[in-house]
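Novice: Listed below are the residues making up each chain.
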Amino acid sequence: MTLQAQPLRAYPVLATQPLPLRRVRQLAAKSLFGLAALVSLVTLLPLGFILWITLQTGWETASALIFRARVGELLVNTALLEVLTLPPCIVLAVALAWLTERSDVPGARFWSWLAVAPLAIPAFVQSYAWIGVAPGMHGLFAAVFVSVLAYLPFLYLPVAAQLRRLDPAMEDAAASLGLDPWRVFLRVVLPQLRIALCGGSLLIGLHLLAEYGLYAMIRFDTFTTAIVDQFQSSYNGPAANMLAGVLVLSCLGLLGLEVLIRGDARYARVGSGAPRPASRRRLGRARGVSMLLPLALSGLALGVPAYALGRWLIAGGSEIWQARELASAFGETLLYAAGGALATTLVAIPMAWLSVRAPGRLQRVLEGCHYYVGALPGVVVALALVTITVRIALPLYQTVATVLLAYGLMFLPRALVGLRAGIAQVPVELERAAIALGRRPAGAIFSVTMRLAAPGVAACMALVAMGVTTELTATLMLAPNGTRTLATEFWALTNELDYAAAAPYAALMIALSLPLTALLHAQSRRVAGQ
Amino acid sequence: MTLMPSSLMRAAALALILSGASHAVRAADEGITVYNAQHESLTKAWADGFTKETGIKVTIRKGGDTELANQIVQEGAASPADVFVTENSPAMVLVEKAGLFATLPKDVLAQVPANFQPSSGRWVGVAARSTVFVYDTRKLKEADLPKSLLDLADAKWKGHWAASPSGADFQAIVGALLELKGEKVTAEWLKAMKANSTAYRGNSVAMKAVNAGEVDGAVIYHYYYFGDQAKTGENSGNVRLHYFRNGDPGAFLSTSGAGVLASSKHKEQAEAFVKWMAGKHGQAVLRDGDSFEYAIANGAESNPKLEPIAQLQAPKVEPSKLDSKKVSELMTAAGLL
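Here the protein sequences come in this chain order: A and B.
Once you know that position 304 of the first sequence is 315 in my numbering, the rest is easy, because the numbers rise by one and skip nothing.
Once you know that position 24 of the second sequence is 51 in my numbering, the rest is easy, because the numbers rise by one and skip nothing.
Wrong hints could be hidden among the right ones.
[Said to hold, decoys possible] Every beta carbon over 12 Å from chain B, so not counted as near; a handful from chain A, in silico:
| # | residue |
| --- | --- |
| 1 | T65 |
| 2 | R273 |
| 3 | A307 |
[Stated by the list, open to error] Here are the computed lysine to any residue pairs in the SDA-like style, where the Cα-Cα straight-line distance is at most 25 Å:
| # | chain 1 | residue 1 | chain 2 | residue 2 |
| --- | --- | --- | --- | --- |
| 4 | B | K84 | A | E343 |
| 5 | B | K79 | A | L531 |
| 6 | B | K84 | A | H218 |
| 7 | B | K218 | B | A182 |
| 8 | B | K218 | B | G229 |
| 9 | B | K302 | B | S347 |
| 10 | B | K84 | A | P491 |
| 11 | B | K71 | A | T410 |
Because the hints were derived from the structure by calculation, they are not lab data.
Fair warning: this is a prediction, and the values are worked out from it, not measured in the lab.
Where a beta carbon is used, it is the ideal one built from N, C-alpha and C, also for glycine.
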């Protein structure tokens, strides 16, 4: 809080005003704190729901539903999926990032775009494409294969950004002390990538736990697919809820694991001036061959979906574009995306402001709530909201408001990260000047800070909108009667094996996600100062 | 609240309006809401025909049989549903047992033979589908085929057959098995099934796998085959249907039901829709459309391509005796769910 007190001491005359500025600011912080606490309380709903339902079910029934062979089977499946998917993702992401950022591979910029582009393809569209070219694909290895292709960008992005930012002076020092280039990479570069690797792996790990469509399509059972199966045969019965409990524990376990592995080593550099950009390593004769890696990956992650989609689009002809459901699903998806982005950003504002302007211990706890809920799979959030609204808050049942609430919970971290960065770039003095000139504090935050943070706000809204566009499970379970989004229609059509009719929906989802993916790529470069 | 700036209020109001808007639009144009577990294309054909004739709008919510049934039970009197249409009977029984169906008028019930409706008159059958064993003709000869559904529990079938256990269709078949052979036989059969069979998500996916040579045969309903044949035949070129007959549990003929919710605020329109589905025009949709389900109303004819209903030798199972809750429990215990 010393940060707030300083300017007051500098301008003591202000303190004698009828309503002292310091008090005004404290009031503002307090009311924002109240709002943030309220949001945090809502984020605890899914977790509270699981606990409440477990208590209600009774230990005997609960343990019979939790400790059974099927749950063990799912646990093994899910664990194997994590263990087999993450290592190849890490190796490929590091290799790819090194090639595009630190080597003179031809067309590095182009490859770095292609490495991010798979983000625009929803995971379940990726598996739909692969099923199309290899119909028999199923089981663990198919799941691992498609997961690697679909989620690799989540690791590539942070690793590439980190590589770009590294100060080459350390590597030079290591080299001058006699380490060969390979050892320099292993002992100097790789350890500095630790945070990026941990963060990216966590993100992928959580996606592996939460994804439904991808695994349902290639017939690989995880907790999420089993919960949806249970939901489809008994709605929100105790068996589904208990599986959700185990799934939540797995997610929290991953979060804890990441904190442990990430460690608390220091990675910042001190000293005057900026680090010079690292030189790109000459690949020499391997220059041509090294293109094979990005070429092969893009071919698999982009080429195959493009081929499969293209084939179905051609087979379906112009007829499949004329279904009137297509236009209405497109419109509805846009509305949900806009509403979801707006709602999520609004509720993230109090915490984003607090984390920049008034950090503290309690604030960090509340911020933790904002983040943890984003780690919960959509199916758990939806299950909680279905039960709560149908049993307690019936007027909210099957309303757009509940769907938006689910989106808000699931995508809160995305909004928070972008907002925080935006707000941090706005000088606090401007906000204070506005208050000193008579604006109400919250008014000052909105008319000065938020306006200046607009680019960051726009970026985070885009990220949320992208998440909403391709969201499947929560939308399926919560949407009001008659609602059809691109994702749910796509899913319904593929379930009836009408792959050609499903193709335009997939194409539209990709088209909506592409500009947002480009934005993400551009932003990651900006963060790195390029 | 003085600290709340007007801009924040405005933004919040905007979000509220946005979220309320599409809801309000839907409430305004009224009509009836159908909780539909039937194939969407079929119910849409019914709804479109009905709307064209009566001008009454139909909003469809889709889901699985038991999913929607349990949902209606949870919603209770507050359910937004006016009509419930299923693929199979167990889900209808679930809602009926909860006392949430209104009794249908006599003229609606009179359209359908007694064996396709419960004696309570709370719902009525609108279509039917037969259990079949779809098999790969390249792998199985007629002599190899199972005589009874129960034969599939035999160790020699291990790894050779498939089903879609998470679907309501298969769960209805298990319901019939439970009703015909009792809990002990059913539980053992399910245990053997877990060991012997491959699980697919959806009957059409299972048939596609048989056609592709992934597995020798699958327990599904008959119309998936005819539907695919009528389209491109790309998922059924190598397969044929085997009917179990002889009153075997595997010859089970499952009744698709429709009923009007007691809580419906548009009861007249809802009853009109059920009457329409079970009536001449609704049944003609079954005969002429691409659903290939059996028409069951008095005097209604099914698609001539189908095996005549009389020759199926289906077992006598009272639709109102099918217990979906027990089935779900048994299948969960067997590790299939």
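Novice: State for each hint whether it applies.
Specialist: To see whether the hints hold, each was checked on the structure:
At roughly 17 Å, the least C-beta separation between T65(A) and chain B is larger than 12 Å, which holds for a residue marked as non-interface. Here R273(A) stays apart from chain B, with its beta-carbon at least about 36 Å from theirs, past the 12 Å limit. In this structure A307(A) is separated from chain B by more than 12 Å, as the shortest Cβ-Cβ distance comes to about 27 Å. With a CA separation close to 19 Å, the supplied pair K84(B) and E343(A) stays within the 25 Å bound.
Note on K79(B) and L531(A): the hinted pairing is violated, with a Cα-Cα distance of about 48 Å set against a maximum of 25 Å. For the proposed pair K84(B) and H218(A), the alpha carbon gap of about 40 Å is over 25 Å, so the pair is violated. Simply put, K218(B) and A182(B) have alpha-carbon atoms about 12 Å apart, close enough for the 25 Å limit, and the pair holds. Taken as a hint, the K218(B) and G229(B) pair is honoured in the structure, with Cα atoms around 20 Å apart against an allowance of 25 Å.
For the given pair, K302(B) sits about 20 Å from S347(B) by alpha-carbon distance, which is consistent with the 25 Å threshold. At roughly 16 Å between alpha-carbon atoms, K84(B) and P491(A) fall within 25 Å of each other, so this suggested pair holds. Restraint check: the Cα-Cα separation between K71(B) and T410(A) comes to about 23 Å, which is no more than 25 Å; the hinted pair holds.
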